[in-house]
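Trainee: Listed below are the residues making up each chain.
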Amino acid sequence: MVGQNKKKTFLKALLYLLPSLLVVALFVVYPMFHTLRMSFYEDFNIFSKEGSGFGLSSYIWVLEDPTFHKALLNTFIYAIVTVPVSIVISLFIAILLDSKIRGSKFFQTAFFLPYVTNAIAIGLAFRFIFHSEFGIFNKFLAVFGIDAIQWLNDPDWSMFTLCIFGIWSALAFKIVIFLAGLQGIDPQLYQAARIDEAGRWKQFTKITLPQLGPILAYQFVIATIGAFKCYEEVIGLFGDDGPLHSATTMVYYMYDKFYNANRYTIAAASGVLMFLIIMVFTFIQLRMSNRKAAQ
Amino acid sequence: MSQDNKIGSPCLRAAAFIFLAAGSLIMLFPFFWMISGSLKTLREITSPKIIWWPAEMQWQNYTTVLTMETNPFGIYFRNSIIVAVINTVFTLLTTILGAFAFSRLEFKGRDRLFNLLLATMMVPSQMYIITNFITITRMNLYNSLWAQILPYSASIFYIYLLRQFFNQIPDQLYLASKVDGCSDWKYLWKIMVPNAKSSLVTIGLFNFIASWNAYLWPLMVTGDIDKRVLSIGLKYFASDSGSDYHLMMAGATIVVVPLILIYLIFQKYIIQGIARGGLKG
Amino acid sequence: MDIRLENLTKTFSNKDRQVETIAVNNFSFTIPSGHLAGLLGPSGCGKSTTLFLLAGLLEPTSGKIFFGDEDVTALPPEKRGIGLVFQNYALYPHMSVYDNIAFPLRNSKSFREQHKDARERKSEIDRIVQETAKIVAIEELLDRKPAQLSGGQQQRVAIARAIAKKPKVLLLDEPLSNLDARLRIQTREEIRRIQQATGITTVFVTHDQEEAMSITDEIIIMKDGIIQQIAQPQETYIHPANVFVAQFLGNPPINLIDVSICDGWIILNDRKTVKTKLQDGNYKMGIRPESFALGTQDSEEAVAATVVYKATIGRDFQVRFNINGRLCEALIESDSRIETGDNVFFTMKRSGVHLFSTDGEREEIW
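If you read the protein sequences in the order shown, they are chains S, F and X. Whatever position you read off the first sequence (first residue = 1), add 54 for my numbering. Whatever position you read off the second sequence (first residue = 1), add 3 for my numbering. Whatever position you read off the third sequence (first residue = 1), add 23 for my numbering.
In isolation and in its complexed conformation, chain S is listed as follows (with noise of 0.2 Å):
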């Protein structure tokens, strides 16, 4: 445009980012470099910012640590649990809302709900739902008479009760993807099927599942690294990280050498670490589907 010139532009752009790049730089880019520097110390001093044992100590004390295995057993669990569960759930109940079934408006906002909800204040009603004593839950159990069970503190429990609470609180934002991705699919498709005789299943695993394809690979990668991240549910639920340690997890284990042990380094370095995991892991998910995408 005439009457503009290129440094101007680059100042008034400037100008313009300013107030984000300052926040981002200051809140996410500078800590980035920061938290990985701290992880390859021994001792690190946070207000004069020098430390000392420059090498691999932290992260060799940390896979060495026998509460990180069991926090790392424990994220592995909760993932491999809820994430399948809940995609199949939220797929099947995606399936039926878009069938147009009387009430499905109503049903919607129901299934919805769950995403806009506190994790901690929900999770208190988990806590309330499944107390052992006059929890709702166990009162339900015993019209079949079955016994009371220590479902927050019993540790064998522990995780399974997690991992309810867990696939309870992410159906609501996959269903949300999966209806999206429903009401995508060209009808021309099933009508065209319905001509070549498929059947329901058939029209399911041959039309609606490979037109989900991307969808599903989506949610999986989303789901596995919000499964990875666990910790406000553990909280919400247990107040701490469960009986004897139970239930404890990656996010917990970090935030607990940080803030009650004030091991910075150590804390620093199960940072990375998860941050390494979790990239490992969306790799291999993104490689696979890739590869399925190509058959």
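If you are wondering where the hints come from, they were derived from the structure by calculation, not from laboratory data. It is possible that part of the hints are untrue.
[What the hints assert, rightly or not] Straight line, CA to CA, 25 Å or less: simulated BS3-like cross-link-like pairs of lysine-lysine:
1. Lys372/X - Lys193/F
2. Lys295/X - Lys189/X
3. Lys102/X - Lys61/S
4. Lys193/F - Lys145/X
5. Lys168/X - Lys271/F
Fair warning: this is a prediction, and the values are worked out from it, not measured in the lab.
Given chain S, put chains F and X in place with the hints provided.
Mentor: Just chains F and X now, kept in the frame of chain S:
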């Protein structure tokens, strides 16, 4: 799409209806049980029998919770509102300006810078809060509401979303505004922002909800009771109050009800937002 | 206000491939004050680029643009005193028709200086909006949003917005291309009427020859960034400056035949047909389909041919035959008796016969 393309036989449709109804009950039950519990007496809540709804609604549970000395939910609520509102206003401002620069202004290295910023989204936020805690402490902002507002007052993701929308506004509109004597600044606020209203509402809502629900970061940077927001206050209250579940449920309800209201009022925007951007709060 | 271009050139460089395209190549011409000029050419010929250069939305690589005596080359768009109507109208979707038309006035600094008092300014804007709306006949639409209007109505609003601030120059970029056929004819006459009513010097970009022919005072025909001919519409048809112009104008297109001149005669199908003053040699000859008529062996300037195809199109016969090995088409009045396979003689109207050198430039036959 005609109905007969979907689940066909009346039998199947009835089964689907029943399944959905049962599912909705499971989804809604925790909310119902929370609200019902918040209106019960201590005796009712610890009763061995199942009491679906209190004999007499105990509204004073709420006044108790709101005015408690150890865990004043009134103050928590106020803090949550302040943090969420200011944070959302800041985020919208930085997002509008940033998205405009990345979508409309032409400067050297624009796309490279933008891609670089997008790449930072790969890193989980949990990794940088460690350093952010140090930064906030050194800025003397520990134990303040600003500590909770500032680090989240710009978001690459929202800039990305709004830029997508801005890019859809035809170039000709910009050129027309130039001919009509409109500056870039005026074009942004008079033409682009009004046209992006629904995107901005969605971004604002998501940011508000995310801010309202934030837990780990506010927990790290607040020490005193009068700086706590609801999520934190509720957590502390839950560990302090033993088995006063009726009061805990009242506290939880106070946290959740504004969210439910927002959801019911803005359902359309929220659902569209998730569906379009794959937003995760 | 006349518009004068002096050696105007615009090149675009493709960063990746280091290729330079010359969109506008050394243009110099003048559009007299109050005229409606059409920039005509196939897509990609640089006509929109020329318009955007006039508007100041693009910066020329070299050359100058004058509005009257003022050199506007370095002026930004808003200071040039132009109105611009875009192909897609580019109406502000969230504003009412009224606000769309008022927008340029509200932005104008000079308007604000002329009407310092806010209330007086408001009533002046209102007066201008009403008056402009009347000119383009949209008075009853002022409260609507653009999305509630038909294509033709949006088009009028776009024109109203462009002329509300009384521009010295009005620029229209393919303003009719988004309208259906009937509306297009109606609207182009409307544009002509508005242009004449306001007397604004207007430049109109189009790829549709009929549009350009029907309403403009002069046509600037372009191809690949180079001006082919500037003339009154009828002149370009009757005296095309080169083969491109001859081929581009006219529907069905002109017949183009390789011919040779022997002893001052143009030879068609081995017969001396037209006497010319031109030197002997090879040429290209263009004959418009409607310039043929049935003749006899004795007719002057008649070409002998065998009819290979005949169809009836409305009041004409569409007839095809070979001349010098090239299939030609003619439109003959349907009262003639003619059948496929007939050996006939076609006479040619002088006004429809053009001769070009082998490199495409016009040569005068007589």
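Trainee: With reference to the structure, classify each hint as holding or not holding.
Mentor: So, going through the hints one by one against the coordinates:
1. Between Lys372/X and Lys193/F, the direct Cα distance comes to roughly 61 Å. Violation of the 25 Å bound is thereby established for this hinted pair.
2. Taken as a hint, the Lys295/X and Lys189/X pair is broken in the structure, with Cα atoms around 60 Å apart against an allowance of 25 Å.
3. Taken as a hint, the Lys102/X and Lys61/S pair is honoured in the structure, with Cα atoms around 21 Å apart against an allowance of 25 Å.
4. Using a Cα cut-off of 25 Å, the hinted pair Lys193/F and Lys145/X holds, with the two alpha carbons roughly 18 Å apart.
5. The straight-line distance between the Cα atoms of Lys168/X and Lys271/F is roughly 23 Å, inside the 25 Å bound, and the hint therefore holds.
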